[in-house]
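In case you want the letters, here they are:
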Amino acid sequence: MPVLSNSQKYNLVKIMNDHIPHAALLGIQVERIDGEELTLKLPYQTVLVGDSDAGTLHGGVLTVLLDQTLGMATVCCDATEPSVTPTLDLRIDHLCVAPPGMDVFASARVYKATRKILFVEGCAYCESKENPIARATGSWVRVADIDLSWLAPPDQDVV
Amino acid sequence: MALVDNVRNSPNLAALEVWLQKVPYAVFLGIKAELNKGDILFILPEDKRLIGNPSLPALHGGVVGAFMEQAAALHLIANMDNPALPKIINFSLDYLRPARLRDTYAKCLLSRQGRFISNITITAWQEHVDQPNAIARAHFLTP
Numbered sequence: 041m042p043v044l045s046n047s048q049k050y051n052l053v054k055i056m057n058d059h060i061p062h063a064a065l066l067g068i069q070v071e072r073i074d075g076e077e078l079t080l081k082l083p084y085q086t087v088l089v090g091d092s093d094a095g096t097l098h099g100g101v102l103t104v105l106l107d108q109t110l111g112m113a114t115v116c117c118d119a120t121e122p123s124v125t126p127t128l129d130l131r132i133d134h135l136c137v138a139p140p141g142m143d144v145f146a147s148a149r150v151y152k153a154t155r156k157i158l159f160v161e162g163c164a165y166c167e168s169k170e171n172p173i174a175r176a177t178g179s180w181v182r183v184a185d186i187d188l189s190w191l192a193p194p195d196q197d198v199v
Numbered sequence: 017m018a019l020v021d022n023v024r025n026s027p028n029l030a031a032l033e034v035w036l037q038k039v040p041y042a043v044f045l046g047i048k049a050e051l052n053k054g055d056i057l058f059i060l061p062e063d064k065r066l067i068g069n070p071s072l073p074a075l076h077g078g079v080v081g082a083f084m085e086q087a088a089a090l091h092l093i094a095n096m097d098n099p100a101l102p103k104i105i106n107f108s109l110d111y112l113r114p115a116r117l118r119d120t121y122a123k124c125l126l127s128r129q130g131r132f133i134s135n136i137t138i139t140a141w142q143e144h145v146d147q148p149n150a151i152a153r154a155h156f157l158t159p
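These protein sequences, in sequence, are chains A and B.
Under the working numbering, the first residue of the first sequence is numbered 41, with each subsequent residue one higher.
Under the working numbering, the first residue of the second sequence is numbered 17, with each subsequent residue one higher.
Chain B extracted, bound-state conformation (with noise of 0.2 Å):
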C-alpha cells in the first residue's frame, strides 16, 4: 500500500487556476502552477520585491515559507472533490540553502488527506531538486 491514499488520479487543474486569481496574496507573490508529468509544478518567478537579504542577494526566508504554504494550499484544493480553500492548522520549515534572486520552484505531497486534516509535505528548490532550498510541512482543515 502506498504512503498515499485517497488521492484523486489527477489534479484538478480548472480549480487551481480559479484559486490562484481568488488568493489576493497569491497573486502579489505572483505565484504560478503548471502540470509536469502529473505532478504540480509551482513557481515563485524571480522578482527583487522578494529580496530579504541585499547583500547576497537572497530572498525574504519568509517569503519562500508563505510561497510553499500557498503551493500546499493550492495542490490540496485540485485533489478535493469539491474545492474549496482550506484552512492553515500549522507549517513547520526547514531552511536548507538560501533561495537566491532567482525563478523558485515547489512540489508538493499530499502524504493524508482526511475528512477534515491533510498532511502535506512541501519542498522548495531553485537549481536542482536535489538540492532544496527549504522542505516543509503543513496541516490543512478542510471544510
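The following block holds chain A by itself, in its conformation from the complex (with noise of 0.2 Å):
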C-alpha cells in the first residue's frame, strides 16, 4: 500500500518546487507523478547555454535539473515515508548534447530504498525517455521524516 496517493505526491512535490528559489529563477515545474517516478521540466533559455556557438545548453545545468528531480523523487518512493533527505552523491553521464531551443524533462525514481538510504535512477531528455541525453545515479540520505499532517487526505484529492 502506497504510503501517499498519486496526487497527494503531486501536491507534496509541487510546494516542495515552488519553494525552491532557484527553481523558480530557472523556471522548473512539476511535469507530472507517475507511481513512484517523477518528471520534472526546464524550459529552454538562451541564459543558459554552455556552448553559444551550437546553442547547446551547459552541462551543468542538467546537473540542477537531475539533483532537484532525483531528489524530489525520494518523497515519491511507496517503500518509505516521505523525509527529509540531503544528496550524499551523484554521478552523471552526459550522452550527448542537449538539442538546441528545446526544453528539458527529467524522470527519476527511487531503485532501492533502506532504512537510512535511498537509491534513486534517473534521466533527462528532450523528446523522447529512450533517447536520454544524460543519466544520472545517486543516493539521499534519510535524516527525518517529514510532518504530512497538514496534506488533503486521498478523498480530497483536487488534481
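Hints were generated in silico from the structure; no laboratory data involved.
Each hint should be verified, as a subset may be incorrect.
What the hints assert, rightly or not - In silico DSBU-like links for lysine-lysine, alpha-carbon gap of 30 Å or less:
(1) A:Lys54 <-> B:Lys64
(2) B:Lys64 <-> A:Lys81
(3) B:Lys103 <-> B:Lys48
(4) A:Lys169 <-> B:Lys48
(5) B:Lys48 <-> A:Lys81
(6) A:Lys81 <-> B:Lys38
As the list claims (entries may be wrong) - What the simulated footprint calls covered on chain B by chain A, stretch by stretch (three residues with Cβ under 8 Å from a Cβ of chain A suffice, anywhere in the stretch; the number is not a length):
(7) 65 to 73
(8) 78 to 88
(9) 106 to 112
As the list claims (entries may be wrong) - Not everything, but these chain B residues come out facing chain A in the computed CB check (under 8 Å):
(10) Pro40
(11) Tyr41
(12) Phe44
All residues carry an ideal CB built from backbone N, CA and C; glycine is no exception.
Assembling the complex is the task here: the two chains are given apart, and the hints tell you how they should meet.
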C-alpha cells in the first residue's frame, strides 16, 4: 500500500518545488507523477547555454535539474515515509548534448530504499525518454520524517 | 614522477577570461576566477538567486555542482595549448556539507591530460579549504 496517493505526491512535490528559489528562477516545473516516478521540466533559455556557437545547454544545468528531480523523487517512493533527504552523492553520464532550443525533462525514481539510504536513478531527455541526453544515479540520506498532517487526505484530491 | 604530467607550468589567464565571458551559463551564475599562488581560484559569489533550501538557507546543491563543472572546464581551457571548449563526459559529485549563502570557492587538479580525454578533480569550499562542501571528479573530451 503506497504511503501517498498520486495526487498527494503531486501536491507535496509541487509545494517543495515552489519553495526553491533557484527552481523558480530557472522555471523548473512539476510535469507529472506516475506511481513512483517523478518528472520535472526545465524550459530552454539562452542564459543557460554552455556553448554559445551551438546554442546547447550547459552540462551544469542538467546537474541542477537532475539533482532536484532525483532528490524530490525520494518522496514519491512507496516503500518509505516521505523524509527530509540531503544528497549524499550524484553521478551524471552525459550521453549527448541537449538539442538547442528544446525544453528538457528529467524523470527519476527510487530503485532501492534502506532504513537510512535511498538509491535513486533517473535521466534527462528532450523528445523521448527512450533517447536520453544524460543518465544519473545518486544516493540520498534519510535524516527526518516530513510532517504530512497538513496534506489533504486522498479522498479530497483535487488533481 | 608527480601525478600531474603533461601540464603547462602557468595557466593561460587570457584564455580563461575570454571563456568566462563566452559561456552564457557561467555569466548567469556570476563565476569569477583569479590567480592565487600559481593556482586558479574560482569564485561563485554569494547570490540569493542560487538558494535551494530557503530555511537554512543553503545554495541549491545542483548549482554547487554546476559551478564545479564549469570551474573544471575553465581550468582545462587555461591549460590547453589551443584553448577550446571541452565536452563533459561524466561528472561524479560527493556532497560533504551544505553550502550556505556566502561566497563559494573551487580549485581544480588536472590529474591527467591525455590527447582526447582529461581527468579533473575539483574541491569546493566556503570557510576553509580543508573543510570542503563538495568534492567532484570530471572527465572531459577535448577537441
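Hints and how they fare:
1. The hinted pair formed by A:Lys54 and B:Lys64 meets the criterion: a straight-line CA distance of about 21 Å does not exceed 30 Å.
2. A threshold of 30 Å between alpha carbons decides the hint, and for B:Lys64 with A:Lys81 the separation of about 22 Å falls inside it, so the pair holds.
3. In summary, the hint linking B:Lys103 to B:Lys48 is supported, as the alpha carbons are separated by about 21 Å, within the 30 Å threshold.
4. For the hint pairing A:Lys169 with B:Lys48, the CA-to-CA distance comes to about 36 Å; that exceeds 30 Å, so the pair is violated.
5. The suggested pairing of B:Lys48 with A:Lys81 holds, with an alpha-carbon distance near 29 Å, which does not exceed 30 Å.
6. Between A:Lys81 and B:Lys38, the direct Cα distance comes to roughly 26 Å. Compliance with the 30 Å bound is thereby established for this hinted pair.
7. Requiring three or more residues with a Cβ within less than 8 Å of a Cβ of chain A, the coverage given for the stretch 65 to 73 of chain B holds, as 6 such residues are present.
8. Coverage of the stretch 78 to 88 of chain B by chain A holds. Counting CB-CB distances below 8 Å, 7 residues qualify, and the rule asks for three or more.
9. Interface restraint, the stretch 106 to 112 of chain B with chain A: holds (6 residues with C-beta to C-beta distance below 8 Å; minimum three).
10. The beta carbon of B:Pro40 is positioned within 8 Å of a beta carbon in chain A (closest approach about 4 Å), and the interface hint is therefore held.
11. Look at B:Tyr41: its Cβ gets to within about 4 Å of chain A, closer than 8 Å, so that hint holds up.
12. Because the smallest distance between the Cβ of B:Phe44 and any Cβ of chain A comes to about 4 Å, under 8 Å, the interface hint for this residue holds.
Hint violations for this structure: number 4 only, all remaining hints satisfied.
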